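Visitor: Position chain X against the provided structure of chain E, taking the given hints into account.
Chain by chain, the residues:
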Amino acid sequence: AQSVAQPEDQVNVAEGNPLTVKCTYSVSGNPYLFWYVQYPNRGLQFLLKYITGDNLVKGSYGFEAEFNKSQTSFHLKKPSALVSDSALYFCAGTTGGQGGKLIFGQGTELSVKP
Amino acid sequence: DTEVTQTPKHLVMGMTNKKSLKCEQHMGHRAMYWYKQKAKKPPELMFVYSYEKLSINESVPSRFSPECPNSSLLNLHLHALQPEDSALYLCASSLDRNTDTQYFGPGTRLTVL
Numbered sequence: 001a002q003s004v005a006q007p008e009d010q011v012n013v014a015e016g017n018p019l020t021v022k023c024t025y026s027v028s029g030n031p032y033l034f035w036y037v038q039y040p041n042r043g044l045q046f047l048l049k050y051i052t053g054d055n056l057v058k059g060s061y062g063f064e065a066e067f068n069k070s071q072t073s074f075h076l077k078k079p080s081a082l083v084s085d086s087a088l089y090f091c092a093g094t095t096g097g098q099g100g101k102l103i104f105g106q107g108t109e110l111s112v113k114p
Numbered sequence: 115d116t117e118v119t120q121t122p123k124h125l126v127m128g129m130t131n132k133k134s135l136k137c138e139q140h141m142g143h144r145a146m147y148w149y150k151q152k153a154k155k156p157p158e159l160m161f162v163y164s165y166e167k168l169s170i171n172e173s174v175p176s177r178f179s180p181e182c183p184n185s186s187l188l189n190l191h192l193h194a195l196q197p198e199d200s201a202l203y204l205c206a207s208s209l210d211r212n213t214d215t216q217y218f219g220p221g222t223r224l225t226v227l
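For the record, the sequence lines run as chains E and X. Residues in the first sequence are numbered consecutively from 1, following my numbering. Residues in the second sequence are numbered consecutively from 115, following my numbering.
I should point out that these hints are in silico values taken from the structure, not numbers from a laboratory. All figures in this text were calculated on a predicted structure; none of them were measured in a lab. Among these hints, one or two may not hold up.
[Claimed, not checked] Dumping the calculated SDA-like pairs for lysine to any residue here, alpha-carbon to alpha-carbon at most 25 angstroms:
#, chain 1, residue 1, chain 2, residue 2
1, E, LYS101, X, LYS154
2, X, LYS155, E, SER86
3, E, LYS77, E, PHE67
4, E, LYS58, X, ASN212
5, X, LYS150, E, SER3
6, E, LYS101, X, ALA153
7, X, LYS152, E, VAL112
8, E, LYS101, X, ILE170
9, X, LYS150, X, ASN171
10, E, LYS77, E, LEU48
11, X, LYS155, E, THR72
12, E, LYS101, X, ARG144
One chain only, chain E, in its complex shape (with noise of 0.2 angstroms):
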């Protein structure tokens, strides 16, 4: 079965320091990865996405994710966290032929304390 995990409920780091979301993937095929942020009462926001060629990828907000293979993650990462970064971010995939069925993570509840 095709899934796509993110181990980390909430993730607590100090505003200025680096942060890191994690995410895992289990699909068939190449997958399509994607990042997105949804802060409280609002949709989802598109960050990032991966398809193919470069493994590091550069998103909205100086948000970037990095695509390894080898570990199946696609964890999202950013230099120099800020309090407004605070949200929830949704790991997600898909493979060609799904129809469009995104699977997502459980999300991750970013806290930037200053």
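Guide: Here is chain X on its own, set in the frame of chain E:
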């Protein structure tokens, strides 16, 4: 512009009411989606429309009835809902329905009394 709009923002309805949620995009996307999301949980796919035709129904109860009148509009008609249907309903769209990025609207917060 990657904007998907949804109306209303909030909706409170009784179990015998009929109401509709509306979603609109003007990005030329040909795939549109309805999701249901409970607090702090990932969105759950309900329906997928591709080129204005229903392509996926994730075994959603018939009290939810989707409609795609044209390529820019997506409606979700609600009738005889249950309190457990209270949730954030998200609409999304993508250029095509396979692997393209899905862009989400802000959602409608539905409360069923």
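Visitor: Any hints from earlier that this structure breaks? Give me their numbers in increasing order, please.
Guide: Violated hints: none at all, because every hint is consistent with the structure.
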